[in-house]
Amino acid sequence: MQYDVIIAGFGGQGVMLIGQLLSNAAMMQGSRTVWMPSYGPEMRGGTANCTIIVSDEEIGSPVVPHPHAVIAMNRPSLDKFEPLLQPGGLLIINASLIDRKAARDDVDVIYVDANRLAEAEIGSAKSANMIMLGAYIGRTGAATPEIVKSAIAKKMVGKEKFLPANEAAIDLGMKIAAEQA
Amino acid sequence: MQYDVIIAGFGGQGVMLIGQLLSNAAMMQGSRTVWMPSYGPEMRGGTANCTIIVSDEEIGSPVVPHPHAVIAMNRPSLDKFEPLLQPGGLLIINASLIDRKAARDDVDVIYVDANRLAEAEIGSAKSANMIMLGAYIGRTGAATPEIVKSAIAKKMVGKEKFLPANEAAIDLGMKIAAEQA
Amino acid sequence: MGNRIEVDMDRCKGCGLCVSACPADIIELGDDINLKGYHFAVLTDAAACKACAFCGVICPDVAITVFRGLKK
Amino acid sequence: MGNRIEVDMDRCKGCGLCVSACPADIIELGDDINLKGYHFAVLTDAAACKACAFCGVICPDVAITVFRGLKK
Amino acid sequence: MSAEEKIVFSYPTGLTTKNTHYCPGCLHGVAHRLVAETIDELGIREKTVGMAPVGCSVLAYEYFGCDMVQASHGRAPAVATGVKRARPDLYVFSYQGDGDLASIGLAEIIHAANRGEKITVIFYNNAIYGMTGGQMAPTTLVGMKTTTTPTGRDPGERGAGNPIRMAELLATLFTPVYITRQSLLTPQDILKAKRAIKRAFQLQNTGFTFVELVGTCPTGWGMTPSESNDWAGEKMVPVFPIGVFRDTEKGI
Amino acid sequence: MSAEEKIVFSYPTGLTTKNTHYCPGCLHGVAHRLVAETIDELGIREKTVGMAPVGCSVLAYEYFGCDMVQASHGRAPAVATGVKRARPDLYVFSYQGDGDLASIGLAEIIHAANRGEKITVIFYNNAIYGMTGGQMAPTTLVGMKTTTTPTGRDPGERGAGNPIRMAELLATLFTPVYITRQSLLTPQDILKAKRAIKRAFQLQNTGFTFVELVGTCPTGWGMTPSESNDWAGEKMVPVFPIGVFRDTEKGI
Amino acid sequence: MEKLLMKGSEAIAEAAVRAGCKLFFGYPITPQNEIPEYMSKRLFQVGGAFVQAESEVAASNMIYGSAAVGERVMTSSSSPGMALKQEAISYCAGAELPVVIVNIMRGGPGLGGIQPSQSDYWQATKPGHGDFHSLVLAPASIQEAVDLVMDAFDLADQYRNPVLILADGLIGQMMEPVTFRQPTERVFDKSWAVTGCVDRKPNIVNSLFLQPQDLEDHNHKLFRKYAQMEREEVRVEEYLMDDAELAIAAYGTTARIARTAVDAARTEGIKVGLIRPITLFPFPKAAFERYVGQVKVLLDVEMSMGQMIEDVRLAVHDRIPVRFYGRVGGMVPSPGEILDQIRTLAQEVSQ
Amino acid sequence: MEKLLMKGSEAIAEAAVRAGCKLFFGYPITPQNEIPEYMSKRLFQVGGAFVQAESEVAASNMIYGSAAVGERVMTSSSSPGMALKQEAISYCAGAELPVVIVNIMRGGPGLGGIQPSQSDYWQATKPGHGDFHSLVLAPASIQEAVDLVMDAFDLADQYRNPVLILADGLIGQMMEPVTFRQPTERVFDKSWAVTGCVDRKPNIVNSLFLQPQDLEDHNHKLFRKYAQMEREEVRVEEYLMDDAELAIAAYGTTARIARTAVDAARTEGIKVGLIRPITLFPFPKAAFERYVGQVKVLLDVEMSMGQMIEDVRLAVHDRIPVRFYGRVGGMVPSPGEILDQIRTLAQEVSQ
Ligand SMILES: Cc1ncc(C[n+]2csc(CCOP(=O)(O)OP(=O)(O)O)c2C)c(N)n1
Ligand SMILES: Cc1ncc(C[n+]2csc(CCOP(=O)(O)OP(=O)(O)O)c2C)c(N)n1
Ligand code: SF4
Ligand code: SF4
Ligand code: SF4
Ligand code: SF4
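Chains as they are written, first to last, in my numbering: chain A, 1 to 181; chain H, 182 to 362; chain D, 363 to 434; chain V, 435 to 506; chain X, 507 to 758; chain L, 759 to 1010; chain P, 1011 to 1361; chain E, 1362 to 1712.
By construction, these hints were calculated from the structure, which means they are not laboratory data.
Do not take every clue at face value.
As the list claims (entries may be wrong) - With a cut-off of at most 25 Å between alpha-carbon atoms, the simulated DMTMM-like pairs for lysine to aspartate or glutamate come out as follows:
1. LYS512/X <-> ASP407/D
2. LYS524/X <-> ASP1575/E
3. LYS1211/P <-> ASP847/L
4. LYS126/A <-> ASP394/D
5. LYS340/H <-> GLU1371/E
Claimed, not checked - Residues of chain P clear of chain E, computed beta-carbon distances all greater than 12 Å:
6. PHE1142
7. GLN1238
8. MET1239
9. ASP1253
10. GLY1340
Ideal placement from N, C-alpha and C gives every residue a C-beta, glycine not left out.
Model the full assembly from the supplied sequences, consistent with the hints where possible.
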């Protein structure tokens, strides 16, 4: 079984971070995993993205031209990656910043009002990315919420006070995914 | 027919010059020719030498491991190149500076008291090299004295006053070669 | 007509340097964002503009044109 | 015994710097040549040597040893 | 624009209309504009060739409205030498950052200056490597944290050295005709810098001319643009004093 | 030697007994000896590693009696950096000519100096490239004929530049602790140069130390050794003044 | 052993430190900046030193210096920066100094781009000036990069020769779980190093031989080492080659991608395998040679315009046709593209 | 036409001037010092300019600048210096600039020696970083050097690509009679040059392509030029090949020496010939390929440890056994040594 996902957004939206958390969680649960970023200064001001693969078996290509899932944090990311999604794949759209609906009808779509919910429900605009991650694992099962939370905890050594908010964001994402199922 | 000769001596003895004159003369008489120097700073204080080839036909190797002739202007040059001479080859020894005889008995040897003669007969210590060149062409016929003299004249544009001495030196060398025949 | 500035909202990157540079304190970064996601600069009080062009001079993106009104 | 210098004739390259440097003017390049063909330096008048070591100090080939006589 | 108003500040034709890729508040944009205005005012756009360096300003070739050459890292002065020697009738400038000019390209800038190449060098000094992600530059201040001086530039134990002052260093050479350092931190500074750049271009055909500009890198420094300008004024300018270090015509 | 005399000058053990390949009268030999004497006097031969450059002194590795590294052209300060950083307990010196240090290796010497590498650089300045046959060096005097300035070094029309004064240039840096220029032209000069070299070694572990030595190249200059020494005194020293340009301990 | 999720560049740096690397000299260039950045933090913790060199030229001469005193030292760069290190690498080889050099390749020529590439195969395996070889190791995963870096230090010391890690930008930038093994405890003779001539004659580190005969002898000495490498150090991975009628030749990340394509092709019943050189010099000739007769076509896949292909052709003595598929300039071949190539060849062969 | 006896280096410099070279940037290094020295006198006479650059790195970037404005420009160096020019040569190729570069090779690796060698074959023909090629011309006599230099400027302009003259120290140092032909009057489009944007849009000389697809396209564009060179610019000399059963492959001075050996062997009745590549890139594959079936053994002779041999083997698809004879480090093979090799092979073949 191989999960792969492209997470994309503006520079400050924390897409690299949730990608690494997912990859870390995968490692902690004993899966194979690769995290691969877009890189380079020409990305400046453009979109940043990363690809995460989680698999039972040895991972061949770290490049995934047609992913099983896309998490789009902003409009340019949606425009760029929606067409590449596999038929039947999963598209998670940050509805707070993206003013359009999915164009494909052969994929599974979750709309998450991530920025608004982050502020309103979690009390921290910065948690929008965690909500998206929660939605992703909720729908796919690429990693369990417990293990993702411990990956977060590991990352946050010294900043434990932010932990509850992040955990709540994961749960919220999972809930939204479940609701839209 | 191919003539080849290695001319060797100390830095200031003008070995490169007579080599170039010979090569120039060869060119002027319509032969093919190559002049090839030893080079590089490690030569400093050591011996300088050049190889000249004169031939009717296209010249292959510019490197002549076993020359037909050697002109040794000083002792280290004699020691180095005498053993390399072809059997039956020609060895011209500057007897003014070299205090030994030829070691080989399978070669033709001319002893030229070049430095002494240059001062005594030509009136210029600098002409020792020209006397040696005269001896070489006298014995081998690699170039005619006339053409060597015009090569000298060509080289000395602007310094014509030294011409007669140089011509006399060539003639003197020829004479010595003839005498020792 | 009075003095004024025009901000090219597509060029503006919302750096705020013009805001700090304006001696009359009449530029601010607005609430709207442009295509690249930047809150671009807007003139709040044209009447107070002295057309000193400080904003234009400091703008790294040459996003500002400054006009001096000829008749008041 | 008086002052004196010893020139290592195999090291000497006959550059003549010691000749110029000697305040007593008692070094010259001799007629003989060494293995490399250089006319090496010789002391002409040991009696006049002040053992100032200028020759040694300037010799680029460290060819000179300078001795000071202890009893005159 | 109506007939009742007059434009007192607008876009120079020496720049293309392309939006730059620079970060918000990065003063590379200001420096570019000053060069472009100079080219406009001297009316030499069709006689000018510029060198783009390797660094954040590598894409300068897309922004200047004149012929441009992209040079390898640090070698813009050598490339400019090749251009100017071949075509002495052209105006030639190089635009370089501090990593480019003062680190890898140090030999090239000094030798071009010493040969008296008739070029103008615009040196944007922001005390850091912007393009590659905020590493130490030769001009980085002591104590400044960068991605390769995580505990701050330490000239002591870690042997990371002190800031190199290029204008002063070049002024030890006999040959250059004009060397100055200006800053881009306030509108007043910018207007002065503009005059310096213009003078450099005007003197270009008498010899080597060099304008160092104290700039910023909000991204590399981790500050807002305004903070950056303030910080540069407070911290950089004392180490990199503003002034004219050579102006042969004026006897300096 | 009899018991009745005492040696007042003799061969230092810091040199091997190998005859050098230098031309007659070349002052490289004198510079070598001074370094060797210093090593002897400080008793550090077994703790010293020297860098030989590319140039006439490339074979310095055969002449110094300590461990030696032959460095690529101009990069001896970088190589020395590698040595000293790895083994701060060693004394490390580089010995370099003007082509090596001031032309191709200009960036390396300045950056090593600026980082404050704890090394001693002995810079033999003879205003020419000896090894390769007498081409112009960065330190070649104006008007001096070399094989690449056949009409004399011309900073004007031919744009060949002016002599670069390395000691002055390095003194614009904050970091170095000792920078001096001495000459090797007379016994008196040589004794002073010796003291400078010794001081440099003594200060080495406090920071970067640099001794420029005005030397000669009789072969490249086409003069006799004595003429060379005279000419250097008359022509070079005015351009390359003797002095101490930095001695932090003494407040210079 | 603990698993850590690490970026390739950082993992490479950490592996070096664990292998005893005490000194790092480098200069920023994308996509390998994380190596110097990591080293700037890490080396001072272990009593070593980091210097941000003024250039790649300087960095490559600094490693020469540290290697000369017998310490373990590394530098890293990317393609244009590697070009600037060529002279010093030749010096290291000539003076027989053990150094480890990492090249995280990007697209060229010239300034090119910063995305992954394999365009430095020639620069790495057929270097100039002078006759010499670096030992070249090409990892295909971060774990392998870590392991090869640790080996690299031993190999460099054993052969007193430069060892290159040749990887593309993907290896430099991506993260994978890694574990670090203990370094070997091998002890190497360093009596040649310039550590101060206590109780011995001075040592000299040098590559100049003015007498041609001496230089020729020196060359022959070096080439005896290279011959030994060819006998003893070849590394290669073969995947599903037992019954393969088609085979892919690829190294580094390209080989991983190819493996995905091979797996897919196998599900379609195509008998295709993969030969992945791990050492690029010495090149695993025998691993290719032995399939002459069995494999009908070889497909060489590179992120370059065809550089390794020559070594592949030479290895099979041109007795197996060798086809080429390459993407360049930062374009990364996808498994699908390679699968298409395989399908076409399979059809061809079956006809 | 007047014949002049000239040193190779000086003849090369003079040929460049006659071909319209107006600018020379160089740095001293033996055995090619006479080129910059000659240019320092000569170029100012023709209204051009000479600069003694501060280094090979600078020199190679200066030619980039002069080429960018469309002027004919040259630099020269020798092996270690050429290593330092690698980055800039890649830039010239990437930015499609016509430059002529002369490499008078000496022995290596490292500082090596200063005597003749051919150890830069790889550095010249398989350069890094990035995928590109210089067109490489290898003269075997001074006359040919002169002719090839003149051609080099035309080829550089035609292809907008670096052209290398690859010669050994013998070609640089020896004298032979030469005549200079008139330069061709070919006119080349230089509308791309940065000469001031009068009545046109600004021109940009550049090798940066941040989008991988753009850089890949650019690579393909470059490789179309290389393919055209392979079709149209191959040069090779064949000597006594008609009935040859043995053949020698050699270039430059080595080939001349080999010819002397071939002549000697012919007098002994050995049917041996010589194939001398004049262009090393594009390599004269067809000239070798066509002797598959006729020639029984090839002997590749180099003043290096075996670099061109790979191209020879590839050219004959390994269908002719290729033996190697090399001297290095400044050692020059003698005709006698090669003759001995030929005799041994002749015996082998006849058995
Ligand atoms: C030979 C080479 N080395 C390194 C690089 C990578 N590189 C690109 S930009 C840069 C630093 C630029 O810094 P700076 O000159 O200060 O300009 P800034 O980006 O700050 O404007 C480096 C090291 C390169 N492209 N080529
Ligand atoms: C990379 C490189 N470039 C050029 C050379 C050739 N080279 C050898 S010595 C030398 C100049 C040395 O001059 P300088 O440093 O002044 O020392 P000197 O010989 O005068 O003592 C040069 C250019 C080289 N060996 N390597
Ligand atoms: S200075 Fe320019 S870019 Fe910055 S906020 Fe003002 S208008 Fe926008
Ligand atoms: S200074 Fe030394 S080398 Fe020169 S002549 Fe005197 S003893 Fe001889
Ligand atoms: S990284 Fe720094 S220098 Fe580069 S564009 Fe951004 S702010 Fe400017
Ligand atoms: S060439 Fe000059 S520097 Fe070199 S050894 Fe001779 S005199 Fe000394």
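Inset, instruction - State the violated hints by number, sorted upward, taking the hints as numbered earlier in the document. - result: 6, 10
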